[in-house]
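Asks: The whole structure should be built from the sequences, with the hints applied where relevant.
Each chain, letter by letter, is given below.
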Amino acid sequence: MSLLYSDVEEDLRGAVRSLLADRCAPASVLARCETGEPYDLGLWRTLTRELGVTSLHVPERLGGQGASLRETAVVMEELGRAVAPVPYLGHSVLAVGALLAAESSVESRVTASLVARLAGGELIAALAVPLSMWPGADFPTSVRASGDGVLTGRASAVADAFAADLLVAPALGPDGPSLYAVTSGFAVTPAVSLDLTRPVADVVFDGAAGELVASGDAAVAALSSALSVGAGLLAAEQLGVAEQCLESTVAYLKERRQFGRPVGSFQALKHRLADLWHEIVTARAAARHAADALAVRDPDAPVAVAVAQSHCAAVAVHAAEECVQLHGGIGMTWEHPAHLWLKRAKADEIALGTPGRHRAALAPLVNLPGPS
Amino acid sequence: MSLLYSDVEEDLRGAVRSLLADRCAPASVLARCETGEPYDLGLWRTLTRELGVTSLHVPERLGGQGASLRETAVVMEELGRAVAPVPYLGHSVLAVGALLAAESSVESRVTASLVARLAGGELIAALAVPLSMWPGADFPTSVRASGDGVLTGRASAVADAFAADLLVAPALGPDGPSLYAVTSGFAVTPAVSLDLTRPVADVVFDGAAGELVASGDAAVAALSSALSVGAGLLAAEQLGVAEQCLESTVAYLKERRQFGRPVGSFQALKHRLADLWHEIVTARAAARHAADALAVRDPDAPVAVAVAQSHCAAVAVHAAEECVQLHGGIGMTWEHPAHLWLKRAKADEIALGTPGRHRAALAPLVNLPGPS
Amino acid sequence: MSPAVTVDELRRRTQELLKAHDPQATDRLEFLRARFDAGLAWVHFPEGLGGLGLPRAAQATVDAELEAAGAPDNEPGRIGIGLGMAAPTILRYGTDAQKRRFLRPLWTGEEVWCQLFSEPGAGSDLAAAGARARRDGDDWLVTGQKVWTSSAHNARWAILLTRTDPDVPKHQGMTYFVCDMTDPGVEVRPLRQITGEAEFNEVFLTDARIPDTHRLGDVGEGWQVAQTTLMNERVAIGGRAAPREAGMVGVVAQTWRERPELRTHELHDRLLRLWVEWEALRLAGDRLRQQLAVGAPGPEGSAMKLGFASLSQRLSALEVELLADEGLRYDDWTLRRPETVDFTGREAGYRYLRAKGNSIEGGTSEILRNIIAERVLGLPSEPRVDKDIPWKDLPR
Amino acid sequence: MSPAVTVDELRRRTQELLKAHDPQATDRLEFLRARFDAGLAWVHFPEGLGGLGLPRAAQATVDAELEAAGAPDNEPGRIGIGLGMAAPTILRYGTDAQKRRFLRPLWTGEEVWCQLFSEPGAGSDLAAAGARARRDGDDWLVTGQKVWTSSAHNARWAILLTRTDPDVPKHQGMTYFVCDMTDPGVEVRPLRQITGEAEFNEVFLTDARIPDTHRLGDVGEGWQVAQTTLMNERVAIGGRAAPREAGMVGVVAQTWRERPELRTHELHDRLLRLWVEWEALRLAGDRLRQQLAVGAPGPEGSAMKLGFASLSQRLSALEVELLADEGLRYDDWTLRRPETVDFTGREAGYRYLRAKGNSIEGGTSEILRNIIAERVLGLPSEPRVDKDIPWKDLPR
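Each protein sequence line maps, in turn, to chains A, B, C and D. Residue -14 is where the first sequence starts when you use this note's numbering, and the numbers rise one by one after that. Residue -14 is where the second sequence starts when you use this note's numbering, and the numbers rise one by one after that. Residue 269 is where the third sequence starts when you use this note's numbering, and the numbers rise one by one after that. Residue 269 is where the fourth sequence starts when you use this note's numbering, and the numbers rise one by one after that.
It is worth saying that the hints were derived from the structure and are not from the lab. Just so it is clear, the structure is predicted and the values come from calculations on it, not from any experiment. Just to be clear, a hint being listed does not mean it is correct.
Below, simulated DSSO-like cross-link-like pairs (lysine-lysine); rule was C-alpha separation at most 30 Å, straight line [stated by the list, open to error]: (1) B:LYS239 with D:LYS660; (2) C:LYS655 with D:LYS655; (3) C:LYS660 with B:LYS239; (4) A:LYS239 with D:LYS367; (5) B:LYS239 with D:LYS367; (6) D:LYS287 with C:LYS655; (7) A:LYS239 with C:LYS367; (8) A:LYS239 with C:LYS660; (9) D:LYS655 with C:LYS660.
A few chain B residues that face chain D, going by a derived Cβ cut-off under 7 Å, partial list only [to be verified]: (10) VAL91; (11) SER117; (12) PHE244; (13) HIS324; (14) ALA332; (15) ILE335.
Don't be surprised by glycine CBs; every beta carbon is placed ideally from N, CA and C.
Replies: Take a look at the structure:
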């Protein structure tokens, strides 16, 4: 198992980073986030069509590039660094993740053409579950499906739903848990979100016609798999956010002077940043490990995901909090991007399971049971 | 409720501190702790007969001074600072505490003369329960009493038992929980103890003749009260240990030079010591509050004790760990007293309930229930 | 209490005020002015300046009587900077004329005050401030930029720290003024925060004119004058009394109690830890007040602010995590300019973000730790490279 | 692997060694000497000095073959200072004669080495060391006190840092020697630790005589030579491979599994947190080794030591608390002089106390944080007051 970045991965990172440097500067991200167009769909088109970020881990037979979740994780790192306002998590990781998992089951109903359209970026999809849902949570019951696939119900705080043309929706049908693809008959209301760069939205299905993509155990497994992939790859995003916060803080403290010295020469701050760097070193290893374990379907993946998500979530929040504090007053202003990172880190801590949830999930996996 | 120290309390502190400065220097404490006489009974005699520390909170009608647990707490602070090898916790706080509580019940069997002998320091007593026992623990069942008061069984890791002439022993008699005073028929084996200056010992009762001092609910209440008083006053000891650690570290860092500067001028260390000072400021308030609440039998005392013990235990351990670390190599040597403070702080963390136990006890008292 | 005026006498005077100016029938401002003139505004101030020269503790008697009678107060939340910072500084350094001119409308709230100290390049290092004041006849002309100014858009006056002599080391070349906020050379712009609102302002001074009669303290003595202001700021923060569970811990405990379905074992122990720490901090505050009451103020005030900031942050962070789904939402990002701030107001997300400021505003936690280490613990200061260099030659 | 010697060729050479010196029938020392002479001791060392000039990674092939054949090893735990610190320094700075004299018995373990660097007055500030070396004909006479010397009572040789010129700034006046521990001027006294045992020693040097031919590097170049030693110490600590739950976390997890009656919810989450952190640190170690294998060593080695110390301390502290009653006990305070140290050995109390040393020995965590901040993050250094002052004039 390689915990390093391959040359191909580094090339991909370079391409994404350079595009984002051009098109996704903090000031433009900030300017967008209070408008009615929180997503930068122009940037999204370039990312999908020119860099192909949405097709990386999609098999070639389904119109993808047949790379792996390792590469997708690298994209998550870079999008995280830039808090880029694009629906990558909801679309490529969660929705496509659910469809790919459903497609791999024996009685798959997922059509290759649907996956191909998503992989190519022709349609934007989202997974209609609360962003806070964790891999081990019960199958949701807030949406019901009739025998002929008509969906009624709601899902709150859905990531990237506001940008979505298609929803992958878990619903309770007459035969139990099912997964539907829905392209119309739903209403999306954006919520005022803590994370300005990844707004959540509330979805109401009012007699929407859904196309069944999985049912029964396959539906349950597909949803759980998507959430697990999501949690594991969110760790990569958290790593990116943490790195951004550390680098930005170090750069500021080298420049900012107080008491006739660069503030970065004060030992108490140096030690805090050294500790943060230490955390990020370990977060990087944990995130890489999770991406690799998911990519190769290692049986150890659930442990790797729980470790990565519980660790990286905390590291990202810590990095963002230190970033605000060590920028002093300027870090408290709306103009400085530190708050965008803080809000992303804090929302990510909740997304796909809090660190505490992931530790609780880890306990039985590594034979560390709690008190009886 | 006064959280300050009265002039009388400060005078008492001054007398104890000056005696300990004379008679209880770190080198002599260290020299004693590997001998067969871990207790300094000469110092104990001076403390009891000249300073009267064992009779402070004993009512005058029982031969005491009729002061309060506030004064006893001040003595605990000073004995903690010096990690003085005297059986004050086991004797004055736990054993006498149990007898005083038993004495206050309607059907008390505690004789005034017994209490007076203990208050005067004529006999040394200990409470025959594990030092790790917490106020809410079940009444112990490891000692059984026959109808005519013959005790059989064992109690492990008993504080100050090795110095004791008399044991106050909880035992399960034919009528249920009972408390006995025992002066013979027991064997005490000192354990190799983590805390060198307060060794624990294992006690075996092999047909010991006990004098019944309380039974039934009164026995349960007396034991629980003694443990609660113990936990509350241990917080004062922990405060003393923490203060000693901070002061000693500050003094060392002012003097020790590296890189051409006093080590205490390095900002990272200054900030850590400032944080530690902050913790000690809050620990002092919490410990004072607990002592006062116990002294006046405030109905809020259980909350005050849980707060003080869970907070001060952690502060003392933190202070002692910082003391070792910031002394560098010298703090790791047997010759320097830092390890005596560390071992006391760590053993105190377990004594009379860990911080976690006290937080668990606090939860229902302040209406913060856990998950169901 | 000073033997000159007993508690009974103080009660009597308060009742006299109430008799002469029935609060139910008197205009609010008129009552406040009368109270000031009776020496019952702040009894520890001198006679003639709203006080009676009594110990600070005596105020409680007056306040209790007035509250019982339903008398109006001076809305201390709205005029905190005037009361807490400007007034003690004017009292200590002001001329008689200044005291007579400024203190009465300050106390009654007729004139709101703000503080022009921090600059973009001088935050923790306040002594590096560079807003330049140049002599112009009997006046001074001030040019520079100040920041983190609350109430600037409502304020009539400001206390202002300036650089009058750039050629001497930084602590020596500063002068302290009272600045007229209505001067055409003063421009106030809202400064939006991470919470979405603009609680503070930036203030741009362009040849703002200040008569020399509005100088506080000597020319070049500004740093010492500012120390009085800052010391009073820190005392004010540490001095509030609070019952158990007051503040952020109460808000989070309330959420915990109302939402059993959100509880986990992990969050339970974390909450209990924070509850214990908050309670210990509250008791330390009580202890500090008891020390002040017997005239033995300790250095614990700095500990109060340090602990308050850290605990408020950790508690509000826990609440957002506890709320999970709801923690992903925010109440309102609209740019607003609140007149007062309530750290425990609005919703969890706001509280989390606002609490981040607690360890920055009014002295960062890092600066407080320096102060504790050096002034309380007596640890040696770091090597200083900026003490003996003329301000204009400092590296920037 | 270098194209000169393939894996197959290396296997062949190893099998040749085994054929010529059947481990079952050969004296242990004789076998080790033969292995050294075959260049299979440390294959990355030069030919003739126990190696073949191959990449470090090639060693694994040899070790696997030898282990499979039941060949004896050189007890690396017992001679770690020689292998990890003395050898790379001799290789880099030694004369040919020194390399030939010292490396073979060092590697076979016939001669144990120790390190005489730290002094009571020069711990973190190693460059302030004052053990004075004075020229005496073809020899040097060294007088001073060293401390924290493990293996000193078993050692034949020491690497020694001395002060040869007190009149120049501290980094410039040092010289590095190989010191004969059997010299009558060398006295070793056990230094007892808080665990009760004496793992380390104090070493008193009183005119200890050292021939100039035992000098490593030039006179005055001691500080640079010492850097090589220290760099190798840090790499050694960070470089070990470990399966999941190896080390302190495994010990505590084992106790947790075996003692269900001790578990509480609070300790459960704390243990899981530490387990996660340890696993992440283990993975970071794996990643570091992968980087080294492809020739891109990162600075993560410092992070490994920092994390290892902190986690070992927190885990062992938790275990003592978990054990409660048993945590009040200790296994043995008897003064002993162990030949090797096992951080996870003995009982919980010992592990707790011994772990305290992990953040002090081999560079304190504070010094590591300085190094990370300055060398990795590029943060500016603090103002230095000791760089340009002659060593003898430094304030002490």
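Asks: If a hint holds in the structure, say so; if it does not, say that too.
Replies: Checked hints:
1. The hinted pair formed by B:LYS239 and D:LYS660 meets the criterion: a straight-line CA distance of about 21 Å does not exceed 30 Å.
2. Restraint check for C:LYS655 and D:LYS655: satisfied, since their Cα atoms lie roughly 21 Å apart, inside the 30 Å limit.
3. For the proposed pair C:LYS660 and B:LYS239, the alpha carbon gap of about 34 Å is over 30 Å, so the pair is violated.
4. Of the supplied pair hints, the one linking A:LYS239 and D:LYS367 is violated, its CA atoms being roughly 45 Å apart against a limit of 30 Å.
5. The hinted pair formed by B:LYS239 and D:LYS367 fails the criterion: a straight-line CA distance of about 45 Å is larger than 30 Å.
6. Restraint check for D:LYS287 and C:LYS655: not satisfied, since their Cα atoms lie roughly 76 Å apart, outside the 30 Å limit.
7. At roughly 45 Å between alpha-carbon atoms, A:LYS239 and C:LYS367 are farther apart than 30 Å, so this suggested pair is violated.
8. As the CA atoms of A:LYS239 and C:LYS660 are separated by approximately 21 Å, the hinted pair is consistent with the 30 Å bound.
9. For the suggested pair D:LYS655 and C:LYS660, the alpha carbons sit about 28 Å apart, so the restraint of at most 30 Å is met.
10. Because the smallest distance between the Cβ of B:VAL91 and any Cβ of chain D comes to about 34 Å, over 7 Å, the interface hint for this residue is violated.
11. This hint holds: B:SER117 has a C-beta 4 Å from the nearest C-beta of chain D, less than the 7 Å allowed.
12. At about 5 Å, the closest approach between the beta carbon of B:PHE244 and any beta carbon in chain D falls short of 7 Å, and the interface hint on this residue holds.
13. Residue-level restraint check for B:HIS324 holds (minimum Cβ-Cβ distance to chain D is 4 Å; threshold 7 Å).
14. This hint holds: B:ALA332 has a C-beta 6 Å from the nearest C-beta of chain D, less than the 7 Å allowed.
15. Given hint, B:ILE335 at the interface with chain D, holds; its Cβ is 5 Å from that chain's nearest Cβ, closer than 7 Å.
Violation of the numbered hints given earlier is confined to hints 3, 4, 5, 6, 7 and 10; the remaining hints are satisfied by the structure.
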